[in-house]
Amino acid sequence: MITALLLFWPALAALLVLLVKGQGAKRVAFIAALVEFAFALFAATSFVVDRTAPQFALSVPWVESAGISFSIGMDGISLLMVLLTTFLVPLIVLSSFKHDYKKPNAFYALILFMQTGLIGVFVAQDAFLFYFFWEVALIPVYFISAIWGGARRVAVTFKFFVYTIFGSFFMLAAFIYLYFQTAGTGVAAHSSDVNAFYQLALDSSTQSWIFWFLFLAFAIKMPVFPFHTWQPDTYTEAPTQATMLLSGIMLKMGIYGVLRWLLPVVPNGASQWLDVVLVLSIIGIIYGSIIAIRQRDLKRLIAYSSIAHVGLISAGIFSLTEQGLQGGVIQMLSHGINVVGLFFIIDIIFSRTKTREILNLGGITQSTPALSICFMILMLGSVALPLTNGFVGEFLLLSGVFQYNYVFGAVAGVTIILGAVYMLRMFQGVMFGTKSPETEVFADLTFNEKAVLIPLVIMVFWIGLFPNTFLDISEPAVFNLLNIIQRR
Amino acid sequence: MISIILLAGFGIINLFAGFLKSNRVLLPLALLFLAIVFGVNLFSWNDPQSYFNHMLTIDNYAVAFTGIMVLSTLLILPFSQRYVADQDENLAEYYSLLLFSLLGAIMMVGFENMIMLFLGIEILSISMYILAGSDKKKQRSNEAALKYFLMGSFFTGVLLFGIVLIYGATGSFDISTIAGTSIGAEGIENTMFILGLLLTIIGISFKISAAPFHFWTPDVYEGTPTLFTAFMSTVVKIAGVAAFYKLMNAAFASSYTTWFPTLIAITVLTLVVGNIGAAVQGSVKRMLAYSSISHAGYLLMALIAFNERSESAIFFYSLAYSVATIAAFGVLKLVTVQRDEESFATFNGLGQTNPLLAFVMTVSMCSLAGIPLTAGFFGKFFVFTSVVEDNSLIWLVVVAVLLAAVGIYYYFKVVIAMYMQPAGNYERVRVTSFASVVLIIMAAITILLGLAPAIVSDLI
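Which chain is which? The protein sequence lines are A and B, in order. Under my numbering, the first residue of the first sequence carries the number 1, and numbering increases by one thereafter. Under my numbering, the first residue of the second sequence carries the number 1, and numbering increases by one thereafter.
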């Protein structure tokens, strides 16, 4: 039941927010998102860690004659993703308090509506339900980006929209094909339940093309090189809140899709293409990092760094080792937290100086101790300094890649050096040095801004110091997935 | 059967009511008639009856499609408010013609005899030829009527030729007798029969504007008054597809291997022409015309899948498509009455001036594009599932999926204009409360079917 509550509460709250006139909508949305987080915490406390089957499961027939059911539930990975989503959404809403967007009720309703889609993706236990929420999550963020975004928003977000839908149609086609290979229960001849998909025994050439159909959808969403071309522009043009939603949470949908719907469903297909995917991922790491070094716009820099980070996550997961998968899960959390924090700091800087060019900034540390500390910690988390969250994830991911192939591991390891280069260069250019005309007067964090950044900073250390809190939750589920992958 | 008699009677009553010359009376009267027909039609559910020496059968298939078509007409008519009132004197005639053509459409979905099919198509078409030219003072409308009539008559001839050849080969007009002779099955090919089959397919393909017999569609749709374009692209098309499927299923199932290559070529061509054509249009109305071609392609996909899922896939798709298309044409009409052009720019800033219209338009564009949460998604879903069931046709789904992505491009051009372009000089579009209610109903149906498709997907 709690899963259904988690799923429907944001949509319900979205309708409520729509009715609120004026800027009061942001407060209602914030409270609704906090309530949602409370639900998720409640679910986490009553979650039994060492079970592999989905918990809090609920299944009602949706299209009964076709064996499609509205089936939801959470295992460890789902729970962590739900926690990440519900933790970040209130902060994202809070981060927007200093902006007075026009038509605030629609803006916040769309954010909450998107949350339903995101939660739905993470808890769906039925292929078509998963697809359904996959698209439901996309539509609101498209509108948020295209209506409230920057000058070139219309063309850029349209490209993003068509690009991702293009990929997901392939996923739908693959799902329909897989569905017909299953054996149904009860009245229906087939079933789209996740376990029915896991029991499929397809020949390897079928698995091979199914793999690409599914991978295309997930790779575009993540995005993995060379499917990333929509990403930097969209991140740059979208309003900060949409960028946070896209990079912090939506990107994880793609990785989650790989874990839940790609590897266990077509393990043989995946193993045929592991080398290709790993090479693409590693190209993404190097390519994203090098371009990030050359960027002068802060938002674009973080966008490219995101490509690099996602490349590493994807490489680790496709190593198909326990470390790689566990690292992938924990790095999804870390990346979500860090990237949301960094985009928020960029938003703070931009709203005070009206520029995102590194060259026009500098010397901000002199007047802003609180901002500097928060920025420093989030930046170091992103660089993967030991004791921060990024270190745990990157360490596990790289050890996974090393186990797969040490040459790949060595090349992927360059990410640590390159990451430090572009992050430190950015930090140096923005925060140190002499003040520029733009940064002459620069106020430190307000209360609201601290309220956003401090929870994020706490999480950087929490995951960095006590990663087992989270790794323990996902471990049984990861083992279960690996079992399914290796069994077939 | 009663619904056919009623429609004929109501059509005539409507003609006589024409002396009132007031839309205040005529519109409610027409709506009332349609509502009665809709209700009466439902009584035949699960009560199949055969009429006129087995020339016409009203079974669940006919009832279901009649239901969609009557409902579509019911949803189209409310938009005649204001449009016709101040400029047209022949209102009653138009309503009567719509009722008559609906009658033809019902015959098309209930036929058991090729003659009945032909009569149905003719009754439907002749009314439409007149309605296409109903905006008498506009050159475009005249052009549309003439084009439609000339092309339509020609292809009617082709269809009739086909029917006659099939009669020559099988000795019967009755579709079950034709199926019984199993001429055309593998091994017993018959040139006369194959030629007849081909000509019949071409004749019906024209009616549903499947490529390469689609050339009339954009011009006719553009010139015809929007109200009747909506009727053409929903009722006429659905009657055509339903008749097509029934014909293939009941009469020519055994010659599947003969007609399959032809139809698959037509389907692929229709999908490509419809989607690519729509993507390059500058006028919303022409875009919708091409989009209706592309939807004929998706419907044909379900037809050529030719398995037990096809029927319900066609049914669901038709319903989803009709509701979304009528809503789109309805909004288009309301907007163009005031803003007097049909380019995408007409919709600029509609999200600010008329949030309701913009919302309804967005829902129907999403539905036509096949995005989840709307009925159109499940329409495509059921069509694709019926095709994938036959493993050898997966490539067709891939083609359709690629073209569906193109579809998103042109449907969202409208959405972008509404929400992301400034309104400029455009003022708020005046909408009667009745039209608003109907629009809300259509958006609600679309979303409801997108959430709970099982309500209707299992009917037939």
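Treat the hints with care, since some could be wrong.
What the hints assert, rightly or not - In the SDA-like style, the derived pairs of lysine to any residue whose C-alpha atoms are separated by at most 20 Å in a straight line are:
hint, chain 1, residue 1, chain 2, residue 2
1, B, K413, A, H99
2, A, K102, A, R152
3, A, K102, B, A279
4, A, K102, B, I416
5, A, K159, B, R428
6, A, K21, A, V136
7, A, K159, B, M420
8, A, K98, A, I454
9, B, K413, B, P355
None of these hints come from the bench; they were simulated from the model. Quantities reported herein were computed from a predicted structural model and do not represent experimental measurements.
Does the structure keep K413(B) and H99(A) at a Cα separation of 20 Å or less? violated, 28 Å
Restraint status (C-alpha distance of K98(A) to I454(A) at most 20 Å): holds, 17 Å
For K102(A) and I416(B), compute the direct alpha-carbon distance and say whether it is at most 20 Å. holds, 17 Å
Within a Cα-Cα threshold of 20 Å, do K159(A) and M420(B) meet the stated pairing? holds, 15 Å
Taken at face value, is the distance from the CA of A279(B) to the CA of K102(A) at most 20 Å? At roughly 32 Å apart (the allowed maximum being 20 Å), A279(B) and K102(A) break the hint.
Please work out if K21(A) and V136(A) have their alpha carbons no farther apart than 20 Å. violated, 25 Å
For the pair supplied as a hint, K413(B) and P355(B), confirm whether the alpha-carbon distance does not exceed 20 Å. holds, 17 Å
Are the Cα positions of K102(A) and R152(A) separated by 20 Å at most? Answer holds: K102(A) to R152(A) is near 18 Å, not above 20 Å.
Hint consistency between K159(A) and R428(B) [alpha-carbon to alpha-carbon, up to 20 Å]: Status violated; Cα separation ~30 Å.
The structure is inconsistent with the numbered hints 1, 3, 5 and 6, although it conforms to all the rest.
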